[in-house]
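One line per chain: the protein sequences are A and B, in this order.
As numbered in my numbering, residues 15 to 352 make up the first sequence, in order.
As numbered in my numbering, residues 12 to 324 make up the second sequence, in order.
If you're looking for bench data, these hints aren't it; they were derived computationally from the structure.
Keep in mind that this is a model prediction, so the values were computed, not measured.
Possibly wrong hints are sitting among the right ones.
Claimed, not checked - Negatives, chain B to chain A, calculated, CB over 10 Å:
1) Pro59
2) Val79
3) Ala95
To be verified - Listed next, the in silico PhoX-like pairs over lysine-lysine satisfying Cα-Cα at most 25 Å (straight line):
4) B:Lys129 - A:Lys339
5) B:Lys131 - A:Lys339
6) B:Lys320 - A:Lys180
7) B:Lys322 - A:Lys180
8) B:Lys316 - A:Lys180
Unchecked claim - If you want the ones that stay clear, here's a sample from chain B, every Cβ over 10 Å from chain A, calculated:
9) Phe68
10) Leu117
11) Arg232
Using N, Cα and C, we set each Cβ at its ideal position, and we do this for glycine too.
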Amino acid sequence: MSAPDTSGAVANPPRAGRRPSQELLTSARSIVEPTPLARWSSGFFVILYALVSLIPIVWIVLTSFKTPPDAIAYPPKVLFQPTLEGYVNLFTTRTRQTPEYMASLPAPETWYDELVRSRNMVIAGPSRYGDRYVNSLVIGFGSTFLAVFLGTLAAYAFSRFKVPLKDDLLFFILSTRMMPPIAVAIPIYLMYRDVGLSDTIIGMILLYTAVNVSFAVWLLKGFIDEIPREYEEAAMVDGYTRLQAFRRVVLPQAITGIAATAIFCLIFAWNEYAFALLLTSGEAQTAPPFIPLIIGEGGLDWPAVAAGTTLFLLPVLFFTVLLRKHLLRGITFGAVRK
Amino acid sequence: MSGLTNRKGARSPGGMWGAGGAGFSPRTIAWLFITPTILLLLAVNIFPLIWTVDLSFTDFRANQPGRVIKSVGTANYERILGDADIWDRLQTTASFVCWSIGLEVLIGFGLALLINRKFKGHATWTTLILLPMMLSPAVVGIFWTYLFQPQSGIFNYIVNFFLDAGDFTMIGDVQLAPWAIVIVDVWMWTPYVMLICLAGLRAVPQYLYEAAEVDRASRLRQFWHITLPMVLPFLMLAVLFRAIENFKMFDMVVSLTAGGPGSTTEVASITLKRAAFESWKTGYSSAFAIILFVVVFGAANIYVKFLNKVKQR
Chain A
15 MSAPDTSGAV
25 ANPPRAGRRP
35 SQELLTSARS
45 IVEPTPLARW
55 SSGFFVILYA
65 LVSLIPIVWI
75 VLTSFKTPPD
85 AIAYPPKVLF
95 QPTLEGYVNL
105 FTTRTRQTPE
115 YMASLPAPET
125 WYDELVRSRN
135 MVIAGPSRYG
145 DRYVNSLVIG
155 FGSTFLAVFL
165 GTLAAYAFSR
175 FKVPLKDDLL
185 FFILSTRMMP
195 PIAVAIPIYL
205 MYRDVGLSDT
215 IIGMILLYTA
225 VNVSFAVWLL
235 KGFIDEIPRE
245 YEEAAMVDGY
255 TRLQAFRRVV
265 LPQAITGIAA
275 TAIFCLIFAW
285 NEYAFALLLT
295 SGEAQTAPPF
305 IPLIIGEGGL
315 DWPAVAAGTT
325 LFLLPVLFFT
335 VLLRKHLLRG
345 ITFGAVRK
Chain B
12 MSGLTNRKGA
22 RSPGGMWGAG
32 GAGFSPRTIA
42 WLFITPTILL
52 LLAVNIFPLI
62 WTVDLSFTDF
72 RANQPGRVIK
82 SVGTANYERI
92 LGDADIWDRL
102 QTTASFVCWS
112 IGLEVLIGFG
122 LALLINRKFK
132 GHATWTTLIL
142 LPMMLSPAVV
152 GIFWTYLFQP
162 QSGIFNYIVN
172 FFLDAGDFTM
182 IGDVQLAPWA
192 IVIVDVWMWT
202 PYVMLICLAG
212 LRAVPQYLYE
222 AAEVDRASRL
232 RQFWHITLPM
242 VLPFLMLAVL
252 FRAIENFKMF
262 DMVVSLTAGG
272 PGSTTEVASI
282 TLKRAAFESW
292 KTGYSSAFAI
302 ILFVVVFGAA
312 NIYVKFLNKV
322 KQR
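Could you build all of it, start to finish, from the sequences and the hints given here?
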């Protein structure tokens with residue numbers, strides 16, 4: 015698959031803003047530069063869009079600190095007394111008790127005991143959210159490590175060596191991403207059932223590795239293409255073997271690209287839902303299929319769902335900000351570089 | 012694959028054990044490095060695909076392992092292609108793809124034009140705008156069901172604040188539910204289109220505009236004859252990626268509307284999931300999976316050819 019390539023050879027002509035403005039003040043500068051009014055108004059609309067599009071995320075974070083009645087109040091409450099009830103409910107299972115039983119209990123030992131008892135309930139034990147979250151972490155990091163490891167090797171080979179049928183192989187690698195996940199899930203389900211990988215962490219790591227490796231190869235090939243071959247050649251003249259040059263020269267140079275690729279793989283594995291829903295149910299279930307199962311009395315316990323969602327989304331938001339310079343490359347499989 | 016591993020010889024001038032003592036020939040290294048990836052993809056992607064093709068000609072049911080599997084020829088394919096319900100689902104999918112991508116292109120391109128004017132603080136705001144597209148579509152679907160709640164939902168409240176629309180439910184209404192999934196998709200993926208368009212805009216050489224100004228071309232003409240043609244390949248790339256993803260869309264729609272009410276938002280992937288994992292018609296759903304794959308793969312190939320043509324122009 016070819017795509018517009020804006021890297022490298024296409025020379026970027028100097029932007030109007032970057033030229034020495036002193037001598038050009040009267041002529042070229044004002045021609046193509048937006049007027050202050052245009053700048054101001056475009057800023058206004060962009061910021062307006064950003065603020066509106068952030069409402070859902072902010073709202074879900076706010077909801078995680080509400081009490082269940084506040085969460086379904088009409089009109090929606092912007093100002094409210096914050097509580098950690100949602101988080102407590104997220105991590106515990108509780109049973110409702112009679113007032114007599116409640117009165118017979120000794121004084122609550124912790125703040126969360128007290129919070130739960132104020133709703134006439136006692137904590138029965140931990141919920142499964144913690145386990146699911148840990149599963150998400152283990153599967154995410156495991157598959158990311160494998161995908162980036164395999165992807166770096168393959169990308170280096172595709173970048174530096176003459177490989178027969180190179181373009182066909184690369185297209186084959188990409189095309190594995192075009193299959194609807196449900197279509198792949200049918201035979202994977204049968205295959206895993208036969209070999210005993212259903213609902214296992216290993217099975218999910220292998221599956222996510224396979225999905226991510228195609229992405230990793232494409233993205234990393236772009237990063238490695240940008241490292242001048244001369245570096246390795248110089249190292250090899252100095253007596254390094256190919257593999258030593260790869261390890262000591264290319265890898266350190268590619269480390270930013272590898273890190274960016276790893277974060278993308280991690281986010282993908284973290285966010286994945288279809289395979290997790292169909293192939294896991296207990297042991298290896300990740301957080302996304304579990305969050306809608308957080309049910310309270312009388313329908314969904316929205317503050318708990320919001321708390322689960324908030325804890326699930328925060329790492330992604332953090333990594334997105336960290337990754338901002340590489341986002342464009344990542345989302346286009348390396349087809350568009352800045 | 013077997014042909015590849017047989018290739019020996021053709022050593023580099025230094026030989027297999029050249030300088031340094033452990034130098035493999037480039038060819039050996041290339042195969043050592045590529046083979047694991049290819050093997051993994053063969054095992055987890057290609058082998059299952061072939062198995063799916065095989066199953067699609069049978070009446071296999073995964074929940075009845077002891078049953079004798081009968082070959083049914085192309086009956087599964089005939090049933091699917093002759094089924095009015097399936098065509099209805101494909102139409103639902105197509106209209107979801109068209110509406111969501113159409114709006115994403117309009118809003119995303121517009122935003123990119125505005126951001127390209129480089130107002131103060133544009134980098135920070137751009138990053139903030141990009142946040143939704145990195146979130147888990149399934150989790151996004153879950154929390155939008157909360158935002159769409161008829162009474163307490165903030166979405167309904169804001170709409171009523173401006174429009175006085177009265178009581179309405181986005182995800183329980185036959186008319187509105189398709190728009191609910193379009194709205195969430197647009198919320199999530201407009202930043203994606205915006206980011207790719209922005210890259211296109213930044214690749215337009217500034218001297219083209221300067222020359223156009225000298226020629227006294229109007230702003231509209233500049234947009235039409237410089238900006239649009241230069242950004243078009245980028246825009247089409249964004250559309251290609253989005254179209255493939257939205258045609259496969261499952262997560263967000265399942266957790267938002269679960270295909271309902273009725274089957275108004277039942278996109279193809281949901282139909283496939285129900286046939287495969289709820290009715291357990293494995294053979295039938297395998298045929299459906301193959302049909303969907305061929306549609307995506309074929310459309311993507313045609314589109315890439317078209318894209319290359321636009322690029323060359």
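Do the hints match the structure? See the list:
The Cβ of proline 59 (chain B) does not lie farther than 10 Å from every Cβ of chain A; its closest approach is about 4 Å, which violates its non-interface assignment. For valine 79 (chain B), the requirement that its beta carbon stay farther than 10 Å from each beta carbon of chain A is met, with the minimum near 17 Å. Here alanine 95 (chain B) stays apart from chain A, with its beta-carbon at least about 22 Å from theirs, past the 10 Å limit. Taking the CA atoms of lysine 129 (chain B) and lysine 339 (chain A), the gap is near 16 Å; set against the 25 Å cutoff, the hint holds.
At roughly 18 Å between alpha-carbon atoms, lysine 131 (chain B) and lysine 339 (chain A) fall within 25 Å of each other, so this suggested pair holds. Pair hint lysine 320 (chain B) plus lysine 180 (chain A) holds up; C-alpha atoms about 22 Å apart against a cutoff of 25 Å. For the hint linking lysine 322 (chain B) to lysine 180 (chain A), the alpha-carbon distance of about 22 Å falls within 25 Å, and the restraint holds. A distance of roughly 19 Å separates the Cα atoms of lysine 316 (chain B) and lysine 180 (chain A); the hinted pair therefore holds under the 25 Å criterion.
Distance to chain A confirms phenylalanine 68 (chain B) as a non-interface residue, since its nearest Cβ pair spans about 14 Å, more than 10 Å. For leucine 117 (chain B), the condition that its CB be more than 10 Å from all CB atoms of chain A holds, with the nearest at approximately 13 Å. No Cβ of chain A comes within 10 Å of the Cβ of arginine 232 (chain B); the nearest lies about 14 Å off, and the non-interface call holds.
Hint 1 alone, counting from the list given before, is not met by this structure.
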